[in-house]
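Engineer: The two chains are supplied separately, each in an independent frame; assemble them into the complex guided by the hints.
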Amino acid sequence: TQLLEQSPQFLSIQEGENLTVYCNSSSVFSSLQWYRQEPGEGPVLLVTVVTGGEVKKLKRLTFQFGDARKDSSLHITAAQPGDTGLYLCAGAFTSGTYKYIFGTGTRLKVLA
Amino acid sequence: DTAVSQTPKYLVTQMGNDKSIKCEQNLGHDTMYWYKQDSKKFLKIMFSYNNKELIINETVPNRFSPKSPDKAHLNLHINSLELGDSAVYFCASSQGSLQPQHFGDGTRLSIL
Chain A
1 TQLLEQSPQF LSIQEGENLT VYCNSSSVFS SLQWYRQEPG EGPVLLVTVV
51 TGGEVKKLKR LTFQFGDARK DSSLHITAAQ PGDTGLYLCA GAFTSGTYKY
101 IFGTGTRLKV LA
Chain B
1001 DTAVSQTPKY LVTQMGNDKS IKCEQNLGHD TMYWYKQDSK KFLKIMFSYN
1051 NKELIINETV PNRFSPKSPD KAHLNLHINS LELGDSAVYF CASSQGSLQP
1101 QHFGDGTRLS IL
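Here the protein sequences line up with chains A and B, keeping their order. Using my numbering, read the first sequence as starting at 1 and increasing by one per residue. Using my numbering, read the second sequence as starting at 1001 and increasing by one per residue.
No wet-lab data here; the hints were simulated from the structure. Positions of the beta carbon are idealized from the N, C-alpha and C atoms, including for glycine. Do not take every clue at face value.
[Said to hold, decoys possible] DSSO-like mimics (lysine-lysine), calculated; alpha carbons at most 27 Å apart, straight line:
id	chain 1	residue 1	chain 2	residue 2
1	A	Lys56	B	Lys1041
2	B	Lys1067	A	Lys70
3	B	Lys1022	A	Lys70
4	B	Lys1040	A	Lys70
5	A	Lys99	B	Lys1009
6	A	Lys57	A	Lys109
7	A	Lys99	B	Lys1067
8	A	Lys70	B	Lys1009
9	A	Lys109	B	Lys1041
10	B	Lys1044	A	Lys99
11	A	Lys70	B	Lys1044
12	B	Lys1022	A	Lys109
13	A	Lys109	B	Lys1044
14	B	Lys1041	A	Lys70
15	A	Lys109	B	Lys1040
16	A	Lys99	B	Lys1052
17	A	Lys99	B	Lys1022
[Unchecked claim] Covered by chain A, per the in silico footprint, the following chain B stretches (three or more residues, Cβ under 8 Å):
id	stretch
18	1043 to 1052
19	1088 to 1102
[Said to hold, decoys possible] So these bits of chain B aren't anywhere near chain A, every CB distance computed over 12 Å:
id	residue
20	Glu1024
21	Gln1037
22	Arg1063
23	Asn1075
24	Gly1106
The shape of chain B in the complex, shown without the other chains (with noise of 0.2 Å):
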């Protein structure tokens, strides 16, 4: 079984489309989180929820929006595109803010 599982694994699409992407975690954790890694495979954190409350969020457009409709399901929507949002997305799940992450496999998003 999957621990955190994101869809889609690849994702191509337009300058200036909307997209999203999903999260779910089956270890019964209360923190979800979304990171961007980009060329350079830097992981940078985005945004963290904790009991489907925002709790963190990083200095991110606006274009990106999070949304959690219960603890085990962390969604990310981006509006209009930009070639600049080209990177892997890392949905992650923990049971408390400092404890261990699980990751999910990664999305790939390729702005054309």
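Bound conformation, chain A alone (with noise of 0.2 Å):
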């Protein structure tokens, strides 16, 4: 069974301050993507990542994909509170059915 590993679970933190969102499995992705979801709300794509050891960012927003395609990470510079809400990884696995596999989740706080 895949499954996605996010870490850390809950993160609260000062406006101005940097963090890591980690995301790893023991599977091989095909390719994977960041979601991040607020309450009420479906979730949003911002970035799909397809081959090992890239990386892409967008604004203060980076994303790196490991090089053998099993973990990827988040890294938010000088966060604000509009980064507030649940960021989700989920891989595409393309043995057997092609699907997604979410991750578990993390919830970012950032005050004000």
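Structural biologist: Written as structure tokens, this is what we have:
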């Protein structure tokens, strides 16, 4: 059974601090996506990474895909209250059926 | 214009009842999904349809029956509701099986 563990599970920080969220698995993904979900809404896609070692930047957010395509990280620089939300990674598995497995989630709260 | 819309947003009902949730997407996507998000925010895929054909059916009780009348619609009917069915159900769509998914805002189902 594929499992994606995210850490930390909860994170509460002050505005302006940096943070990193991790997404780990023992399985290899063909691609990985990061989503942010706000209360009462569905997840919204932030980025897709496909190649091992790939790094993508989205303003203050930096996403990295592990060389072996088993893990990923999301780094936020100078966090702002607007970054508050639930961050979910989702790995694509292509053995058998093609589907995404979502991670266990990281709840981030940025205090003003 | 809402890309993926689900109705109703809230559903409160008694144990043993039968209920349906409707989903429509106006993005022209060929693949639609149903996910269940539990109280710990874990998002798990239930079903996936591609061009009205069922392609993923996870271990879901057969009380749950999806129906796709056309590419733009994927409805979920649930028979004999149980307390454990309480959750937020999300509909999503994508262009292809492993492409970025667009989520609806969810249907919060509460069983009394």
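Engineer: If a hint holds in the structure, say so; if it doesn't, say that too.
Structural biologist: Each hint, compared with the structure:
1. About 26 Å separates the Cα atoms of A/Lys56 and B/Lys1041, which keeps this hinted pair within 27 Å; it holds.
2. Restraint check for B/Lys1067 and A/Lys70: not satisfied, since their Cα atoms lie roughly 35 Å apart, outside the 27 Å limit.
3. Among the hinted pairs, B/Lys1022 with A/Lys70 is inconsistent with the structure: their alpha-carbon atoms are about 35 Å apart, more than 27 Å.
4. The suggested pairing of B/Lys1040 with A/Lys70 holds, with an alpha-carbon distance near 24 Å, which does not exceed 27 Å.
5. At roughly 26 Å between alpha-carbon atoms, A/Lys99 and B/Lys1009 fall within 27 Å of each other, so this suggested pair holds.
6. The suggested pairing of A/Lys57 with A/Lys109 holds, with an alpha-carbon distance near 21 Å, which does not exceed 27 Å.
7. Straight-line distance between C-alpha atoms of A/Lys99 and B/Lys1067 comes to about 19 Å, which keeps the hinted pair within the 27 Å bound.
8. Proximity of A/Lys70 to B/Lys1009 is assessed by CA-CA distance (about 36 Å); at most 27 Å being required, the pair is judged violated.
9. The hinted pair formed by A/Lys109 and B/Lys1041 meets the criterion: a straight-line CA distance of about 15 Å does not exceed 27 Å.
10. The suggested pairing of B/Lys1044 with A/Lys99 holds, with an alpha-carbon distance near 11 Å, which does not exceed 27 Å.
11. In summary, the hint linking A/Lys70 to B/Lys1044 is supported, as the alpha carbons are separated by about 19 Å, within the 27 Å threshold.
12. At most 27 Å may separate the alpha-carbon atoms for a hinted pair to count; B/Lys1022 and A/Lys109 exceed this at roughly 32 Å.
13. Taken as a hint, the A/Lys109 and B/Lys1044 pair is honoured in the structure, with Cα atoms around 24 Å apart against an allowance of 27 Å.
14. Of the supplied pair hints, the one linking B/Lys1041 and A/Lys70 holds, its CA atoms being roughly 22 Å apart against a limit of 27 Å.
15. Of the pairs offered as hints, the one joining A/Lys109 and B/Lys1040 holds, with about 16 Å between alpha carbons and a cut-off of 27 Å not exceeded.
16. Annotation: proposed proximity of A/Lys99 to B/Lys1052 holds, straight-line Cα distance about 17 Å (limit 27 Å).
17. Restraint check for A/Lys99 and B/Lys1022: satisfied, since their Cα atoms lie roughly 22 Å apart, inside the 27 Å limit.
18. For the stretch 1043 to 1052 of chain B, the stated coverage by chain A is satisfied: 4 residues place a CB nearer than 8 Å to a CB of that chain, which reaches the threshold of 3.
19. Counting residues of the stretch 1088 to 1102 of chain B whose beta-carbon sits less than 8 Å from any beta-carbon of chain A gives 7, enough to reach three: the coverage restraint holds.
20. The Cβ of B/Glu1024 lies farther than 12 Å from every Cβ of chain A, with a closest approach of about 14 Å, so its non-interface assignment holds.
21. Here B/Gln1037 does not stay apart from chain A, with its beta-carbon only about 9 Å from theirs, under the 12 Å limit.
22. Residue placement check: B/Arg1063 keeps its beta carbon more than 12 Å from all beta carbons of chain A (closest about 22 Å).
23. Non-interface status of B/Asn1075 relative to chain A is upheld: no Cβ of that chain comes within 12 Å, the nearest being about 17 Å off.
24. Non-interface status of B/Gly1106 relative to chain A is broken: a Cβ of that chain comes within 12 Å, the nearest being about 6 Å off.
When held up to the earlier numbered hints, the structure conflicts with 2, 3, 8, 12, 21 and 24 and fits the remainder.
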